[in-house]
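**Student:** Letter by letter, the chains look like this.
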Amino acid sequence: MDKGRTLDELAPDVTARITAIDWTGLPESDAKRLRALGVDDGAEVLVLHRGVFGGRDPLAIRLGSMTIAVRRGHATAISVEPVQAETAAA
Amino acid sequence: MSRIKRAALVGNPNAGKSALFNKLTGARQKIANYPGVTVERKAGRMILPSGEPVELVDLPGAYSFDTASPDEEVTRQIVHGEFEGEPVPDVLILVLDAANLEQHLVFAQEVIALGRPTVVALNMVDLAERDGLTLDPAALSEALGVPVIPTVAVRSRGLAELGEAMSSASQADPADRSRHLDHISLPERRLAAKHMARAAILSRSKRAKVERGLDAVMLNPWAGPIILFAFLFVVFQAVFAWATPFADALEAGVGALSAAVTSNIPDGFFRDFLTEGLFAGVGAVVVFLPQIVILFAFILAMEASGYMARAAFIMDRMMAGVGLSGRSFIPLLSSFACAIPGIMATRAIADPKDRLTTILIAPLMTCSARLPVYAVVIAAVIPARTIGAGIGLQGLVLFGLYIAGIVGAMVAALVLRRSFTKGEASGFIMEMPRYQLPRLRDMAIGLWQRAWVFLRRAGTIIFAATIALWVLLSFPKADPGESQVDASIAGQIGSGVAVLVEPIGFNRDIALSLIPAMAAREVAVSSLGTIYAVESSDEDVVAERVTERIGATWTLPTALAFLAWFVFAPQCLSTIAVAKRETNGWKWPVFMLVYLFAAAYVFAGLTYWIAVAAGLGCR
Chain A
1 MDKGRTLDEL APDVTARITA IDWTGLPESD AKRLRALGVD DGAEVLVLHR
51 GVFGGRDPLA IRLGSMTIAV RRGHATAISV EPVQAETAAA
Chain B
1 MSRIKRAALV GNPNAGKSAL FNKLTGARQK IANYPGVTVE RKAGRMILPS
51 GEPVELVDLP GAYSFDTASP DEEVTRQIVH GEFEGEPVPD VLILVLDAAN
101 LEQHLVFAQE VIALGRPTVV ALNMVDLAER DGLTLDPAAL SEALGVPVIP
151 TVAVRSRGLA ELGEAMSSAS QADPADRSRH LDHISLPERR LAAKHMARAA
201 ILSRSKRAKV ERGLDAVMLN PWAGPIILFA FLFVVFQAVF AWATPFADAL
251 EAGVGALSAA VTSNIPDGFF RDFLTEGLFA GVGAVVVFLP QIVILFAFIL
301 AMEASGYMAR AAFIMDRMMA GVGLSGRSFI PLLSSFACAI PGIMATRAIA
351 DPKDRLTTIL IAPLMTCSAR LPVYAVVIAA VIPARTIGAG IGLQGLVLFG
401 LYIAGIVGAM VAALVLRRSF TKGEASGFIM EMPRYQLPRL RDMAIGLWQR
451 AWVFLRRAGT IIFAATIALW VLLSFPKADP GESQVDASIA GQIGSGVAVL
501 VEPIGFNRDI ALSLIPAMAA REVAVSSLGT IYAVESSDED VVAERVTERI
551 GATWTLPTAL AFLAWFVFAP QCLSTIAVAK RETNGWKWPV FMLVYLFAAA
601 YVFAGLTYWI AVAAGLGCR
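Those protein sequences? They're chains A and B, same order as listed.
Just so we're aligned, residue 1 is where the first sequence starts under the UniProt record's numbering, counting upward by one.
Just so we're aligned, residue 1 is where the second sequence starts under the UniProt record's numbering, counting upward by one.
Read the hints as simulated data drawn from the structure, not as lab findings.
The reader is advised that the hints may include incorrect statements.
[To be verified] For lysine-lysine, the following PhoX-like pairs were computed, each having C-alpha atoms within a straight-line distance of at most 25 Å:
hint, chain 1, residue 1, chain 2, residue 2
1, B, K580, B, K353
2, B, K422, A, K32
3, B, K194, A, K32
[Said to hold, decoys possible] Chain B regions said to be covered by chain A (calculated; three or more residues, Cβ under 8 Å):
hint, segment
4, 59–73
5, 212–223
6, 308–314
7, 428–437
[Claimed, not checked] Sample of chain B residues facing chain A (criterion: CB under 7 Å; computed from the structure):
hint, residue
8, E102
9, Q103
10, A350
11, K353
12, T555
Quick reminder that beta carbons are idealized off the backbone N, C-alpha and C, glycines included.
Work out the full structure: start from the sequences and follow the hints.
**Tutor:** In structure tokens, the structure reads:
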């Protein structure tokens, strides 16, 4: 299955829609936490900031009106497609 | 008519529950733990507009009833009426952040679906307005089927209305509640939240520019860490420099009191007890209140402003390097004030091995109880010089001790994660709250609660340990020409312990002070104060300061070894007790004691012998 681009590969400040999440690759507690925060299929996300050392981990992402920190391990499990047109309303 | 006895605040983390709680209850708060778990229970008395008193509980913030942490589990059990000994609240106050409506409405639906009397506090509407949002509470109320009251907790806006809505909600017909929110799935709930949020938002202009702008700097890969470390350095310099005038004033006060007692009470047992035991001992510790208050003020301000979460973000990578996550940073930073709240804050860490590791290394963070010890010894043996650019040598040494604790903790974590707490590295998922100016009132309440804990410790544990030591030091009475300390029971015990600690450069006085200091580290200072007060037979040096005595009688290697000892030594019964409760057994606290004492002994010894070899011992 073509997973397309992952959130980890998304350039900063590009709004994208989550197309799929590989929940099996994540610990159950992390999966619960992400879902509770609204990280799920169809949600629009935006990478705001990344750390500097060791693979630019972690990531700060924008989701709706929230900023959430996640690790690269989470970001690689999240497939996204960039949203065209105007900068996202949220 | 049903009377409301209990109400509870429930809502997402960062919804402003605590600020609302502070406003509704004032300073009349009771903080305890829920039985059996170490989740903090905050309760207070709220007065409804009708004059009725209600017990208001601030439940831990939760994102969902599908729980991922012990905090959320407590909230779930209480609102479901499953928590033993905690009756179901008569009314729930559901706190929503007006500026984060869509997200908070997801959990809101779960709460409302319970069918309990519920009132929504649409909180922080001022911040939403700052972000350019105009909201329609009536539309939201219609969609949720419960009353919605716009509030600005910090300005007391909407609080009376909230109270009235609580009274009427408790009397409403249960059949009217939760008419269209039952049993739907999370995606459905999320979709509903989106529609409700859209309907409730009348207009939207500029987006949260403040957040973006500040985060661009604070979370910048290069500027972020520099700002954080510069900030922490300022904190530690401030703790030393700003507190001095207050500490001096307190010290002068204790000295004056002691002098007044000396001149007004006849010579004898009672006077010795007051001057040598009480003032020399407890007084030596109380003078550190200003430093502790300043440190807590910075920590509270970091939490209240939203910067703490950014600090966790910046530290995550470093923490990941030793097998932990940015989440461990918050408990560890709290441990700089005190390991007890620090260890309790580890409950926010979902991964059990991560949490255990954080508990085990938390005592290595330099807690405020070490400050008195460090401060006295540094003041005694390190010259008060500046080494350019306003950086004091004493402050620098203090900073070095903090760094030593941090490095020790990191190394310990690294080793533990590869041995005793081996396992998968856990994730780091965390909401970054919005930036806010810390509110003076909330800060004041928080500071008061912490200062009170410290003073209560000084008045109980430290007082008792000091008095017990004084009694042991004062009997039996020495023959003329013999030192009182040498003759006393305590002196005999100290000489025994001294055999053990002589190899690491400790003298008899230190050995003696270490035993009562098991109760709490700062007792080491009060004990030394008592020892030197008992020892000095000269009537005119009753108030001789511990600092001067240490400066005069300890060698530099001994003083440095003493400092190194306190970087590691787990001399705090309360910490051990909390660790036992948190880990449900004696295994880990005993492990903690053994590994920390071993480290303390080794590093104090190394420090002593290296210092001696470097020729620092020549006086």
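**Student:** Output the numbers, in ascending order, of every earlier hint that fails for this structure.
**Tutor:** 11 and 12
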